[in-house]
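J.: Take a look at the letters that make up each chain.
6 protein chains.
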Amino acid sequence: FREAAERTAVPGVATGLAVTGSGGDVLFVEATSVPGGEKLVLTGQLGDVMKESAQIALSAVRARAGEYGLEDDLFENRSFHLHVPAGAIPKDGPSAGITMATALASLLTGRPVRHTVGMTGEVTLQGRVLPIGGLKQKVLAAHAAGLTDVVIPERNRADLDDVPQHVRDEMAFHPVMSLSEVLDVALEPAAKPVDVAL
Amino acid sequence: FREAAERTAVPGVATGLAVTGSGGDVLFVEATSVPGGEKLVLTGQLGDVMKESAQIALSAVRARAGEYGLEDDLFENRSFHLHVPAGAIPKDGPSAGITMATALASLLTGRPVRHTVGMTGEVTLQGRVLPIGGLKQKVLAAHAAGLTDVVIPERNRADLDDVPQHVRDEMAFHPVMSLSEVLDVALEPAAKPVDVAL
Amino acid sequence: FREAAERTAVPGVATGLAVTGSGGDVLFVEATSVPGGEKLVLTGQLGDVMKESAQIALSAVRARAGEYGLEDDLFENRSFHLHVPAGAIPKDGPSAGITMATALASLLTGRPVRHTVGMTGEVTLQGRVLPIGGLKQKVLAAHAAGLTDVVIPERNRADLDDVPQHVRDEMAFHPVMSLSEVLDVALEPAAKPVDVAL
Amino acid sequence: FREAAERTAVPGVATGLAVTGSGGDVLFVEATSVPGGEKLVLTGQLGDVMKESAQIALSAVRARAGEYGLEDDLFENRSFHLHVPAGAIPKDGPSAGITMATALASLLTGRPVRHTVGMTGEVTLQGRVLPIGGLKQKVLAAHAAGLTDVVIPERNRADLDDVPQHVRDEMAFHPVMSLSEVLDVALEPAAKPVDVAL
Amino acid sequence: FREAAERTAVPGVATGLAVTGSGGDVLFVEATSVPGGEKLVLTGQLGDVMKESAQIALSAVRARAGEYGLEDDLFENRSFHLHVPAGAIPKDGPSAGITMATALASLLTGRPVRHTVGMTGEVTLQGRVLPIGGLKQKVLAAHAAGLTDVVIPERNRADLDDVPQHVRDEMAFHPVMSLSEVLDVALEPAAKPVDVAL
Amino acid sequence: FREAAERTAVPGVATGLAVTGSGGDVLFVEATSVPGGEKLVLTGQLGDVMKESAQIALSAVRARAGEYGLEDDLFENRSFHLHVPAGAIPKDGPSAGITMATALASLLTGRPVRHTVGMTGEVTLQGRVLPIGGLKQKVLAAHAAGLTDVVIPERNRADLDDVPQHVRDEMAFHPVMSLSEVLDVALEPAAKPVDVAL
Ligand SMILES: [Ca+2]
Ligand SMILES: [Ca+2]
Ligand SMILES: [Ca+2]
Ligand SMILES: [Ca+2]
Ligand SMILES: [Ca+2]
Ligand SMILES: [Ca+2]
Ligand SMILES: [Ca+2]
Ligand SMILES: [Ca+2]
Ligand SMILES: [Ca+2]
Ligand SMILES: [Ca+2]
Ligand SMILES: [Ca+2]
Ligand SMILES: [Ca+2]
Chain E
286 FREAAERTAV PGVATGLAVT GSGGDVLFVE ATSVPGGEKL VLTGQLGDVM
336 KESAQIALSA VRARAGEYGL EDDLFENRSF HLHVPAGAIP KDGPSAGITM
386 ATALASLLTG RPVRHTVGMT GEVTLQGRVL PIGGLKQKVL AAHAAGLTDV
436 VIPERNRADL DDVPQHVRDE MAFHPVMSLS EVLDVALEPA AKPVDVAL
Chain C
286 FREAAERTAV PGVATGLAVT GSGGDVLFVE ATSVPGGEKL VLTGQLGDVM
336 KESAQIALSA VRARAGEYGL EDDLFENRSF HLHVPAGAIP KDGPSAGITM
386 ATALASLLTG RPVRHTVGMT GEVTLQGRVL PIGGLKQKVL AAHAAGLTDV
436 VIPERNRADL DDVPQHVRDE MAFHPVMSLS EVLDVALEPA AKPVDVAL
Chain W
286 FREAAERTAV PGVATGLAVT GSGGDVLFVE ATSVPGGEKL VLTGQLGDVM
336 KESAQIALSA VRARAGEYGL EDDLFENRSF HLHVPAGAIP KDGPSAGITM
386 ATALASLLTG RPVRHTVGMT GEVTLQGRVL PIGGLKQKVL AAHAAGLTDV
436 VIPERNRADL DDVPQHVRDE MAFHPVMSLS EVLDVALEPA AKPVDVAL
Chain P
286 FREAAERTAV PGVATGLAVT GSGGDVLFVE ATSVPGGEKL VLTGQLGDVM
336 KESAQIALSA VRARAGEYGL EDDLFENRSF HLHVPAGAIP KDGPSAGITM
386 ATALASLLTG RPVRHTVGMT GEVTLQGRVL PIGGLKQKVL AAHAAGLTDV
436 VIPERNRADL DDVPQHVRDE MAFHPVMSLS EVLDVALEPA AKPVDVAL
Chain H
286 FREAAERTAV PGVATGLAVT GSGGDVLFVE ATSVPGGEKL VLTGQLGDVM
336 KESAQIALSA VRARAGEYGL EDDLFENRSF HLHVPAGAIP KDGPSAGITM
386 ATALASLLTG RPVRHTVGMT GEVTLQGRVL PIGGLKQKVL AAHAAGLTDV
436 VIPERNRADL DDVPQHVRDE MAFHPVMSLS EVLDVALEPA AKPVDVAL
Chain L
286 FREAAERTAV PGVATGLAVT GSGGDVLFVE ATSVPGGEKL VLTGQLGDVM
336 KESAQIALSA VRARAGEYGL EDDLFENRSF HLHVPAGAIP KDGPSAGITM
386 ATALASLLTG RPVRHTVGMT GEVTLQGRVL PIGGLKQKVL AAHAAGLTDV
436 VIPERNRADL DDVPQHVRDE MAFHPVMSLS EVLDVALEPA AKPVDVAL
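Protein chains in written order, with this note's numbering: chain E, 286 to 483; chain C, 286 to 483; chain W, 286 to 483; chain P, 286 to 483; chain H, 286 to 483; chain L, 286 to 483.
Bound conformation, chain E alone (with noise of 0.2 Å):
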C-alpha cells in the first residue's frame, strides 16, 4: 500500500492505471530532464502510440506551459526522458497520456504528485482528456494498490457503474475534460515560501 507513497515522494513520478492480459495494474511515470539537445528519450519498452503519446504529453505540456504555472523558457535547449517501469515489460496504448503530463508538469513545477492519486486518460495536443477502455479493471488496480483518488475522463464517467458499490465507497472519481484539471486534482499545492521574521 505504501508503494504509490513512495515511489512519488519526489516531483517527476506520476501513478497510472493499466489492463493487463490478467486485469488491471498501477505503472508509474518518471520524468527528468537534462539541459541541452531538446531531445525525448523514451524507456519501458513502449509501443509506438505510447511513444507519441509521450510526445504528445511533452507539446501539450509545453504549448500551455502558462495555463500550468510553468516559464515558457524551462523548455528551451532541454532535454526530458520519460521511463515506465519495469524495464522489460511492454507497453502500449494512449491511456498514459495524462499520467506522462503530469509527470512532467510535477517534474517542472517541483510539485510532487498526490500519492494517494491514481489516473487514466488520453491527452490531445490542446491538453483535452479523451476517454480510455478498461475503466473497471483499471479502477480495482488502484483500489487493490491503495489509492483513494482516480482521475479519470469526463466521458469515461458511464463506466463507473461497472466498478462494484463497496469499492466506489472507499474511492474519491474526478472526471475531467481537461490537463488543467488533472492537474488541479493530482499535483500537490506549491510549497509556500516560509515566512520569515526580520
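Certain hints may be false.
One copy or two, it doesn't matter: identical chains are merged, so the pair holds either way.
To be verified - Keeping only pairs whose Cα atoms sit at most 25 Å apart, straight-line, the calculated DSS-like set for lysine-lysine is:
id, residue 1, residue 2
1, 421, 324
2, 324, 336
3, 376, 421
4, 376, 336
These are computed hints drawn from the structure, not numbers from a lab.
The structure displayed is predicted, hence computed values, not measured ones.
Chain E is fixed; fit chains C, W, P, H and L with the ligands onto it per the hints.
T.: Same frame as chain E, now just chains C, W, P, H and L with the ligands:
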C-alpha cells in the same frame, strides 16, 4: 453537437472529415508550435501518405505565407507538432491536407477555425486543392456532427448529387480550388484591434 | 485543357509525362524552398529511383548554377521541397529527372514554365539527358492534355516514329542532349526590367 | 578468482551477474567517457531492453548527480560509451541496470568498484532498485567467481532461501532499495587528499 | 565511339568498366561538389558494397590529398555527390573504386579524365589497387566503346591472356598498384598557367 | 611474402588474422582520419559485432590516449575511417579488435606497424585483450603469409599446442593481456628526433 465548437475554440484546431470502415467521421487536427529546431512532429498513428500530407501542408503554408497574412519569419527556427486524435486509431490518405494546412494557419494567425466548418481536400505544394473520395459519407458525418458548412474541392462538386436532399438543404457547401479560398471560409476574422479612446 | 496552364502559372511547377498501368499521363512537379537547413524534402509517394532522381536534379542544377543563370549562393542554407501530386499515388523511375530540374530552375529564376510544354528525360549529375521508355504513351498523354511542345531526349528521337501522324502534326518535339537545352525550351523568358522614364 | 580484481582495478568497471542458458555468469560493465557530443555509445551485442537500461542508468546518475557526489556539469558536452564483453555474445534484460549505473558513477567519481562486489538489479529513472529473476543462479556464479559481496534488490531478499547454506555462509548479501545504497556498498572510498605538511 | 569523349569533356567524370548479366559494359561515374555539410550523396541505385566503395574512394583521395596535388582544405565543409547513370539500373561491387576516386580527383584538380581511358579496380583506404573479376568482358566492352587505354590492377595482369589478340593489339593496358599511378594515366595534364607578357 | 611489408609501410595499417570457411587468412585493417565531425566510418562489409568492435577499439585508444603516447586532443573534432579489404567480402566477429586499435594507434602516433607482426584478439573498452577462436588456423595463415611474429591473447596460450612444431619453430608468439603490450610488440619505435648540433 458541441464537440467541434469546444475543440476549435482555440486557434490551431481544424475540423476534418474522414471515411472509415463504417461510414464517415469527423476528425480534429491539432497544431502547436515551439521555438527551436524546425522539426515537424506528427502523431496520431498517421500512415505515410498522411505524414507526407502534413509536410506538404506545412510547406504550402510557409511557401506562400504572405498570401495568407503570415510573416515569413514566423517559421524560422520554430518546430511544429500536428496531432490527429484519437491516438490509437491508424489514419492515412491525403484528404486531410487542407485541414492540416488550416490548423497551421489558424495557429499562426491566432484566428480560430469557425466551429461550424468541416473540410476535406488534398492540398498541393502550391496551395491547389485536389479532389478526394468518399464525399457523400464525409458530408453525412459532418451533418451528424452538427456542422453546417463544408469545404470541398471544386472537382468534387458533382459528387454532391449523391448527398440526400434534406441534408443538402441544411448545409452550405464551399467548393474551392485553392488554399486561400479554404482559409477565407474557415478562419474567423482577425480580431480587430480595439479602439482605445484617449 | 487548361490544367497545365493553371498549374504552371507560378514559377516552380513543371509538367512531366509518365507511363502508368493504363497508358500515359501528365504529372506536375512542384518545387518550393525555404531558408535554413539544406534539406531536400520529397513527397508524393516517390519510389527510391525517383527520390534519387530528385537529388540528382538538385545537384545538377546547383553544380552548374551559373550556366542556368543562377547565383551560387541561392542554394546556401536553403532547403527544398519537391512534391508530385496526387499524394496517394505511388510513382517511380528516373524519367522525371528533367522535369524536377526544370521545376527547381523555374523556382530559382522566377521564370514560369511555358504552359504548352511537357517533358520527359532522365538527367545526370552533369546535366546530360538520357533516354527514357514509353515515349509513345507519354506523347499521346501530352497531346490529350492539350500540350503542344514536348521535350524529349535526343536518343529517343527515333521513337517518334511510333507516334500517329495526326498527333505529330499538331505538336512540336524538342530533342535535347543537355539540361541547358531543356531550360531554353521550357522556361518563359526572364521578365524584362521595366524601363522607367525619369 | 582474480579476474574481477583485475578488471575492476581501474574506475569505470563494475561486476554484474547474469543468467545464461546454462546457469549464471559474471559480466563486466565497462564505462568510458570523452568530451563532446552528449552521445551514448553501447556495445556488446546488447538487446533493446538492455540498451534502454543503459539510457536509464545514465539518466538516473545524471538526474541525481549531487546525491552521488558528482558535479552536474560533469555531464555537459560529454559522451559516454558502455561496453559489456564478450563482444560477440548477445545480452539482454534490465537486470544490469545498477551495474551500468555503478560503472558510470565509478568512472565519474574516480572511485574504483570494490573487487569483491557483484551486483544485480533493475534501476529506475529515480534511482529505485527493482527486483530481478534468477537470483540463485546469479549468486552461485558470483560465488564461483570468488566474489564475497552481492548487492541484490530488497524485493529479492526472500529468494536467498534458494541459495545453498554453505554458499550463503561464505558471502555477504546487501539488499538495497536505491541506487544510493548500491554505490555505498560498491564503490571504494574516495581517495583522501594527502595531508601535506608545510 | 564518341560517348566517352563527350561525357568526360568536363572535370569530374571518369569512365569505368562493369560486368553485367550479358557481358561487359562501360559506365560513367559523375562527381560534383557543393559547399557545406561534409555529406556524401550517392545515387544510381548503388548496392551496399558499391556505396562503401564510394566512401573509401572519398577517404582515400582526402587522406593523401597532397600526394594527388590537392589542398587539404578543399574537403573542409564541402559535400560531394557521386552518381552512376543510368539511374534505374542497380549496380554493385567494389571494382568501380578507382573510377570513383578518379572522378573525385578530376573534379578537385579541374583536370578532365582522358577520354580514351577506361578503368577497373578496387581501391583501398591507403590508395592501393586490388584485383577485380571479369577482366576479359570489361576489356571487350572498353574496346567496343572505342576506348584505347585500360587501367587494370597489377594483380589482374595475367588475366589479359584471355583477351583476344586482335583486341590487345589495338589497346594499351596500364597495370597499376596504387591510385597515384591511376591518376597519372587517367588525368589530363594540369592546364599550364598562361604566360602573360607585361 | 612481401604483401604485409608493402601494406604496412605507412602508418595506419595493421595486419590481422581471420578464420574463413576454408582455413585462416591474413587481413589488413586500414585507418585514416580527417578533421571535423567526430564520426566513425566503417567499410569492408563488416557485420554488427565487428562494427561494435571498431567502436570499442576507437574508444579504448581514446580513453587511455596518454598511456599510448597520444595527446588527448588528437581526437577532438576529428573523424576516423576504418576499412578492411577486400571490400566485397563480408567479415564479422570481435577478434580483429586489437588489430583495429593498433591501426588507429599507428595512424595517430605516426609509427608504422612492424611488417613481420600479425595479431588476433578481442579488445575491451579498458584495453584488456580477450581470447579468440581459431588460433591454429590463424597462426598457419600468418606463417603462410611470411609473418614471423604473432600477437595472441594470453588466454589463448594453451591453444598453441595445436600448432605444428615446425611452424612454432619458425615463429615467435607474443601472448598479451592488454592493448599496451600489443602496441609494444606491434609498433615500430617512434622516430627519434634528430640531434642537431648547434
Ligand atoms: Ca503499433
Ligand atoms: Ca488504452
Ligand atoms: Ca503506405
Ligand atoms: Ca482519402
Ligand atoms: Ca526500388
Ligand atoms: Ca521511366
Ligand atoms: Ca527486444
Ligand atoms: Ca550502356
Ligand atoms: Ca549487400
Ligand atoms: Ca566487381
Ligand atoms: Ca549480427
Ligand atoms: Ca572471432
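J.: For the identical chains here, do residue 376 and residue 336 meet the 25 Å Cα criterion within one copy, between copies, both, or neither?
T.: Answer is both; intra-copy 10 Å and inter-copy 17 Å each pass.
J.: At most 25 Å between alpha carbons: which applies to residue 421 and residue 324, within, between, both or neither?
T.: neither (36 Å within a copy, 39 Å between copies)
J.: What label fits residue 324 with residue 336 when the C-alpha limit is 25 Å: within, between, both, or neither?
T.: For residue 324 and residue 336, the Cα distance is within 25 Å both inside one copy (13 Å) and across copies (17 Å).
J.: How would you classify residue 376 and residue 421 at a CA-CA limit of 25 Å: within, between, both, or neither?
T.: Classified as within; 19 Å inside a copy, 28 Å across copies.
Hint 1 from the earlier list is the only one contradicted by this structure; the remaining hints agree with it.
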